[in-house]
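J.: Just need the whole structure built from these sequences, with the hints factored in.
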Amino acid sequence: MTSSPTRRGLLYGGVAVAAAAAGLGGAWWRERGSSSPKGEVLAASFWTQRFERPEGGELVFSDLRGKPLLLNFWATWCPPCVEEMPMIDRFFRENGANGWQVVGLAIDQPSAVRKFLQKTPVSYPTGLAGLQGTELVKNLGNTGGGLPFTLVLNGTGEVAARKMGKLEAADLDAWRRELVHG
0 MTSSPTRRGL LYGGVAVAAA AAGLGGAWWR ERGSSSPKGE VLAASFWTQR FERPEGGELV
60 FSDLRGKPLL LNFWATWCPP CVEEMPMIDR FFRENGANGW QVVGLAIDQP SAVRKFLQKT
120 PVSYPTGLAG LQGTELVKNL GNTGGGLPFT LVLNGTGEVA ARKMGKLEAA DLDAWRRELV
180 HG
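In numbering that gives the first Met the number 0, the protein residues as written are 0 to 181.
Worth flagging that the hints you see were computed from the coordinates, not collected in a lab. Among these hints, one or two may not hold up.
Unchecked claim - In silico lysine to aspartate or glutamate, DMTMM-like type, Cα no more than 20 Å apart, as pairs: (1) Lys66 x Glu177; (2) Lys114 x Glu82; (3) Lys114 x Asp88; (4) Lys66 x Asp172; (5) Lys66 x Glu93; (6) Lys66 x Asp170; (7) Lys114 x Glu39; (8) Lys114 x Asp172; (9) Lys66 x Glu157; (10) Lys114 x Glu57; (11) Lys37 x Asp170; (12) Lys165 x Asp88; (13) Lys118 x Glu82; (14) Lys37 x Glu54; (15) Lys165 x Glu82; (16) Lys118 x Glu54; (17) Lys37 x Glu177; (18) Lys37 x Asp172; (19) Lys118 x Asp88; (20) Lys114 x Asp170; (21) Lys137 x Glu39; (22) Lys137 x Glu157.
T.: Below, the structure written as structure tokens:
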């Protein structure tokens, strides 16, 4: 039996797509479970960073010291990032008065972020990280650079949690309880 060139091309293409998906899935799974030990203190240079805000002004990390911080890296082109944003916004609105800070850092083109946030606003501050955000996310423990990526710091600036992948309500509840009672 002879197979046509078109059929063979489709077969090879399907195998290539499956292999790529398996590789990406494996990388995602490895990163999803990776984290540094709790209590790690970030380098002082972390707190010196500044990012432009979509609406103007600056997001200054040194202003965020002293309270629990949820730092979420996202992009407009990342479906799980966009899906988790309303839940993160609700978490901020419900817990901001209790000392929680929430910040989004967009690893995206500023114009795309501005356009997106005009249609889908959030109440927590957002910074425009661009390509600088790619290096920052890797330095914070997400060596694969995937999105979304969330870093949680306690009030003394120590790492309390890292998560690669879409957040669930259970993640936010656990972090809130741990940092309030921990």
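J.: Check the structure against each numbered hint from earlier and tell me which ones fail, lowest number first.
T.: 7, 8, 14 and 20
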